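Peer 1: So you can see what is in the structure, the chains are spelled out below.
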Amino acid sequence: MKRDALLRAKILKLVEEYYQERFAGRSFDPEKDTVHVAGRVFDAEELIKLVDSSLDFFLTANRYSDQFEAEFSEYFGLSNAYLVNSGSSANLAALTALTSPKLGERRLRPGDEVVTVAAGFPTTVTPILQNRLVPVFLDVNMGDYTVISSRIEEAIGPKTRLIAMAHTMGVPFDLDTVMRLAKAHNLWVVEDNCDALGSRYRGQLTGTFGDIATVSFYPAHHITMGEGGCVLTGDDLLGRILRSLRDWGRDCYCAGGENNTCGKRFSQQFGTLPHGYDHKYVYSHIGYNLKVTDMQAAVGVAQFRKLEDFISRRKVNFQKLYALLEAYQDRLILPHATPNADPSWFGFVLTVRDGAGFTRNELTSFLEANRIETRNLFSGNLLRQPAFMDIEHRVVGDLTNTDLITGRTFFIGVYPGIDDSQLEYIGSTFARFMRGERVV
Amino acid sequence: MPQKFRCQVTDILEHGERVYSVILKPEKVAPRFLPGQFLHLALDNYNPGDFWPDSRTFSIASAPDERHNLRITYAVKGQFTSRMETELCPGCEVWIKMPYGEFIVNAENDVCLLAGGTGVTAFTAFLTGLSAEHPRRVFLFYGARSPDLLIYRPLVDVVQQRCSCLKARFFAEQDTEGTDCLSGRIEAAIVFGLVSNPLSVTYYIAGPPEMINELTSGLGQRGVTQEHLVIDAWE
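Order-wise, the sequence lines are chains E and G.
When the letters of the first sequence are read in order and numbered with the working numbering, they come out as residues 6 to 445.
When the letters of the second sequence are read in order and numbered with the working numbering, they come out as residues 19 to 253.
A hint or two may mislead.
[Said to hold, decoys possible] DEER-style ranges, computed between Cβ atoms: (1) E:Lys18 to G:Asp68: 18 to 26 Å; (2) E:Pro35 to G:Asp83: 53 to 61 Å; (3) G:Gly238 to E:Ile291: 28 to 36 Å; (4) E:Gly82 to G:Ser149: 21 to 29 Å; (5) G:Thr99 to E:Tyr282: 24 to 32 Å; (6) E:Thr182 to G:Cys110: 52 to 60 Å; (7) E:Asp34 to G:Cys110: 56 to 64 Å; (8) G:Pro153 to E:Ala189: 24 to 32 Å; (9) E:Leu11 to G:Cys110: 25 to 33 Å; (10) G:Gly238 to E:Ala392: 48 to 56 Å.
[Unchecked claim] Covered by chain E, per the in silico footprint, the following chain G stretches (three or more residues, Cβ under 8 Å): (11) 51-58; (12) 69-76.
[Claimed, not checked] From the derived model, a few chain G residues whose C-beta atoms are all more than 10 Å from chain E: (13) Thr194; (14) Ala206; (15) Phe210; (16) Gly238; (17) Gln239.
Keep in mind that the hints were calculated from the coordinates and are not lab data.
Predicted model only: the values in this text are computed from it and were never measured.
Glycine included, every Cβ here is placed at the ideal spot set by N, Cα and C.
Let the hints inform the model, and build the full structure from the sequences given.
Peer 2: Pasting the structure below:
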């Protein structure tokens, strides 16, 4: 073995020791530790791969990015998976891709309408606005917090071109209805799968139904690479457009540090550029730089190996929380899946019922005071947020439930970092609150 | 989506006049690809943490459902292919990255495939996948220096027997006596004489640069528009 390889092996061995010393073997202390809503769950492998990548010092996307994209696309059975720097960037790339001139008559144009929901994370909707499209908002069901699918058809008008929604909190929306209507009305479908990695609908992975799917790898999500996301499609033309948008809008698809992958670098004609203008610097889209580093991808490779375990632990935690809290169903709406769905749960969503005798903020304040983290269902009714109050939009029907969510809904964690002792602590804390204890 | 992987050379077929086919066994199943796409082959070792070494492009001649074995065909024309001729042998390893390219035949149209020499490999995967029920017309004009160098002719003959939609004509610049090959190069005038309603088909051209230039020009002069002309021109 060459000396550099020996040194690398020695460093990585030390990294493993460091992990054991610094991170391993922690246990939950209910007297002082916090039950987080989400967080990084990792072992020595993530640290080793991170350092291994740093020792390559390639920095930009390289072998770990290639590996992650290949394995991730295989997992979904889709031919294109492109890493980007966040789930929000994935959504931006997905929506923008559908405006590409390369799609001809099927491209989205300013003023076209997009069917979506107002209760969720803002960056499901912001790319609609950033591309000068018009969101058409529908209300959601209580309990599963996905679109009321019986209202979708009513929302489809002559300008409707796309349905773009999230599988909120890991719960697949009614894909039977969405895909049926998309086919009947020739609509694009973007699945925001950021909160739902590993969720299934009729046994099929969410993210594989629509034209484009997005995934987030922020630490709150099913697997993490710190900052990161991915955009997937089974359509190779959309794949090329997405890659172009991610990589500054360029036409060339050479990876970083590569040249003349197309074999035609100096012999093509583009626009009114001189014939043979270097293909590396030909831009066919108004693009972005949304790329990841290889160090992020290295962490992702290690995390992806744990995905199935993470999913099953989330499901187990969900079931245990349900058992602990179902006694309070007279005061709380407990979460449930949509029909035909097998969620890879993102969190445990609770809504305080009308007449419960307490408010959401009284309950969440009590939980937070006892070091149990809570989160609102993201933005609540997006149209009540300062940045969105004056946007061009349509609402079909009403947003009654969306407003209820804004005032009464929150979630606690189910992530794999929550163990039985933490679950037990959550159960006993809820019990104290339900017996009348309050923050003083 | 492109991937980089090691391949073992399992066989090399010598066709004469320094034209070879190479059979490659990937270390893992090769990624999905479409007929007409190409791969990069590197002779030097690739360290996955480092830069990709010098490589050249070759059409993937094997069918997309044969991802355990890949086939390319090359003619020795420069320094890199000379190295391939010298260095490649059964058992040796090369690095491949693939798939790339947009030279994909649109099977929803009537098409005319114009192939010169090893350029035919841009079409072999498409031809292999043709079904007996293919509803559109497919013309193939396939030329080489001599009939012996029409190395994919046996494949074309088999597909032609199976699929009535495929009409193939062969060309050779020499030694055509006693064969069914037309003498000379593929020319636009001949193509127009043999394809009925020639302005209704889409032309795909793969072969040496001079052949591409001549046919592009000749077809354009006869009214074939840019939308109906797709070329596979590599540097």
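Peer 1: Work down the list of hints and note, for each, if the structure agrees.
Peer 2: A quick look at each hint next to the structure:
1. Between E:Lys18 and G:Asp68 the beta carbon distance is about 23 Å. The supplied range of 18 to 26 Å therefore holds.
2. Checked against the hint of 53 to 61 Å, the C-beta distance between E:Pro35 and G:Asp83 comes to roughly 58 Å, which is consistent with it.
3. The hinted window of 28 to 36 Å between G:Gly238 and E:Ile291 holds, with their beta carbons roughly 32 Å apart.
4. Checked against the hint of 21 to 29 Å, the C-beta distance between E:Gly82 and G:Ser149 comes to roughly 24 Å, which is consistent with it.
5. With their beta carbons about 27 Å apart, G:Thr99 and E:Tyr282 fall inside the hinted range of 24 to 32 Å.
6. Between E:Thr182 and G:Cys110, the C-beta spacing of about 56 Å keeps the proposed range 52 to 60 Å intact.
7. E:Asp34 and G:Cys110 have their C-beta atoms about 60 Å apart, which keeps the hinted 56 to 64 Å range intact.
8. A hinted range of 24 to 32 Å for the beta carbons of G:Pro153 and E:Ala189 is consistent with their spacing of about 26 Å.
9. A hinted range of 25 to 33 Å holds for the C-beta pair E:Leu11 and G:Cys110, which are about 27 Å apart.
10. Between G:Gly238 and E:Ala392 the beta carbon distance is about 53 Å. The supplied range of 48 to 56 Å therefore holds.
11. Taking a C-beta to C-beta cut-off of 8 Å, the region 51-58 of chain G contributes 3 residues in contact with chain E, enough for the three needed, and the coverage statement holds.
12. Taking a C-beta to C-beta cut-off of 8 Å, the region 69-76 of chain G contributes 4 residues in contact with chain E, enough for the three needed, and the coverage statement holds.
13. Every Cβ of chain E is farther than 10 Å from the Cβ of G:Thr194; the closest lies at roughly 32 Å, confirming the non-interface assignment.
14. For G:Ala206, the shortest C-beta to C-beta distance to chain E comes to about 21 Å, beyond the 10 Å cut-off, and the non-interface label holds.
15. Consistency note on G:Phe210: stated as away from chain E, and its beta-carbon is indeed over 10 Å from all of that chain's, at 25 Å minimum.
16. Residue placement check: G:Gly238 keeps its beta carbon more than 10 Å from all beta carbons of chain E (closest about 14 Å).
17. No beta-carbon of chain E is positioned within 10 Å of the beta-carbon of G:Gln239; the least distance is around 19 Å.
Hint violations for this structure: none, all hints satisfied.
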